[in-house]
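Heads up: the sequence lines are chains S and H, in that order.
My numbering puts the first residue of the first sequence at 1, with every later residue one more than the last.
My numbering puts the first residue of the second sequence at 1, with every later residue one more than the last.
Because the hints were derived from the structure by calculation, they are not lab data.
From a predicted model like this one, the values you see are computed outputs, not experimental measurements.
Not close to chain H: a few residues of chain S, all C-beta gaps over 12 Å, as computed: (1) LYS2; (2) LYS6; (3) GLU100; (4) LEU136; (5) LYS200; (6) SER244; (7) LEU249; (8) LYS265; (9) LYS286; (10) GLY339.
Per the computed footprint, the stretches of chain H lying under chain S, defined by three or more beta-carbons under 8 Å from a beta-carbon of chain S, are: (11) 79-89; (12) 106-117; (13) 296-307; (14) 313-321; (15) 327-339; (16) 363-369.
Glycine is no exception: its CB is placed at the ideal position from the N, C-alpha and C atoms.
There are 2 protein chains.
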Amino acid sequence: MKKILKAILPAGFKANGIACGLKKSGKPDLALLYSEIPALAAAKFTTNSIIAAPLIVSQKHLKSAKKIQAVLVNSGNANCFTGKAGLKDAQAAAGYAARELKIARNAVLVNSTGIIGKRLDITKIKQGIPELVSGLSASGIQKAEKAIMTTDTFAKEISLNLRIGSKVVHLCGIAKGAGMIAPDMATMLCFIMTDAKITKQALGKALSAAVDKSFNCISVDGCMSTNDTVLVLANAAAGNSVISGGKDLEDFSGALECVCLDLAKMVVKDAEGATKFIQIDVCQAKDFQEARKIALSIANSALFKTAVFGQNPNFGRVAAAVGSSGFKIKEDQLKIKLGSLKQKQVKLKVTLSRGKASATVYTSDLTPEYIKINAQYN
Amino acid sequence: MKKILKAILPAGFKANGIACGLKKSGKPDLALLYSEIPALAAAKFTTNSIIAAPLIVSQKHLKSAKKIQAVLVNSGNANCFTGKAGLKDAQAAAGYAARELKIARNAVLVNSTGIIGKRLDITKIKQGIPELVSGLSASGIQKAEKAIMTTDTFAKEISLNLRIGSKVVHLCGIAKGAGMIAPDMATMLCFIMTDAKITKQALGKALSAAVDKSFNCISVDGCMSTNDTVLVLANAAAGNSVISGGKDLEDFSGALECVCLDLAKMVVKDAEGATKFIQIDVCQAKDFQEARKIALSIANSALFKTAVFGQNPNFGRVAAAVGSSGFKIKEDQLKIKLGSLKQKQVKLKVTLSRGKASATVYTSDLTPEYIKINAQYN
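Same shape as in the complex, but just chain S (with noise of 0.2 Å):
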């Protein structure tokens, strides 16, 4: 398995990225991911009961449709708490990037991140689609990346190749984040492009358990999206055998965890006004999911949060976070160390002895300029 920190797309995978006029700095602000093969697609989207309109088209999409060639993102807009116009908004955008790539509508699916409760300029994005296709290529996915972002400061970008059999298989993922990001629902926008031949069943479950291990272990703000989508698109064109369990199976599982964990890192580091990436390990726990909660419930305090901005240790924040998470930790149970503060990476250790399971979840501070981003956004 070889890790490469930058996006470089498999083969039969093409990419766009341009500013069609959505966001008033003139920035990138549409992309466009295509596969010239049809691809098999497997998501996890945001578990939130609002769910943004473009998210209710791609379901329907990916529902109806077997394979999918292309996705369509804006930035700008989370064309989200839009009513029906919302829904007809995303529905056209679709319907345009599939005329215009001659391919059919469901084909096709359709994203957006940005502001929520506010039209989306569908006209711009129309006029944008003939330039987004036609500039189409190989090596496009760093256009594509910097039009997905919003208050992201870097693009977030992986590859990673993995031997399937006698076939090289590659894998290319793009991540976008900075807010509103709180785990158990597939956090933000990730687009994970694949050539690998693989089952319809065998791309879902490994998706599912690479997203519980990542974006579902990460928290910037505790705040659950609307538009949160994790999507991965397999089309086969490494010629591999094709991979339905097993080993290969666990190899390929593996190299997409790897990928998400990346991106989930990534994010967090990248977390709106922070300071420091905290790496907090919760150990000897009864099961990953206990693990988790508890380990989520410290990443999801203002307090602790704000003490590690202060470089000020405060261990009765980190006990009475784990305190609070809903399971029964008495105080003799409880083992609590913290790392040197003064670092970029803060690692926190907290020990239960209740068993032998483990999780280990990443966050990042709470400082004055996430309010001052967030006080002024719109």
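Using the hints, position chain H against chain S.
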């Protein structure tokens, strides 16, 4: 029912507050509440599984003693996460007060508030107790109020008189709050004294109902404390016919709820770093619990709170918080009405069209000052 925005001790109660040296600032840090007549007590404590030592001692005393005569409270140190040594300190503190007051040790309740995880300086408390006891007076409640404050910027006090049969019954409550305030656990410290004659069962029932609609309906930072206590002492000095049910209990419960709600609102108004007092009304819910949970989901959204701080109306963040509350609220079931953010008092009304129940929750905005206070707190 007559409300007075000042604490006036009911018949038979005395109080005092002094500086015994626990706070480096030299500010008052040791308070004593005393009833000449042994009083019935009802209490609600934190549901955090990490419980401060004084709460463990107080819970024991509440079980073993039929009546309570004194409450000793220190600020500057929470005596929590301090192990067996901390437990001995709390027991010793109760013992010193009992000896000086010439009452049984289990007639004394103890409470602490301040930093978690540091050993209490019990010698300073021991040395302070003679002065504390000798200074007890019927007009000493304002001194006690000041001695239980931590980051509070004003003392929280209220009195209320109501008629029960032919007698006037008095209630008086004081509270401290400021940070680590989250609901569903009888938040922060609150002491209520009444000269009402009431059965133990009726007192407990009235307190549970009052706390549910008051302290369990506020949130500053979503962080559950380890020391939260709401305590009511009833010494029967008013000589009313005993309250055990019916209209008398309804009236007394209403008065107790009024005291709790007013103090709870004061806690939110004095929230660390807050510039806004936010009232969230959730209407047309299926039941009170659903309405309250949804209101709290909004109240605990860092993004909603920063938007209010920035005077930046953002309906999307309200919708996202509602959708993440765990109830299957659909977009077309949801109406959001947000009042002007330019005022110090902000009103948010969320209408669900799911039923007839409603709940009101109070919270504050999230500001850079909150982070400053908590980054430096130690």
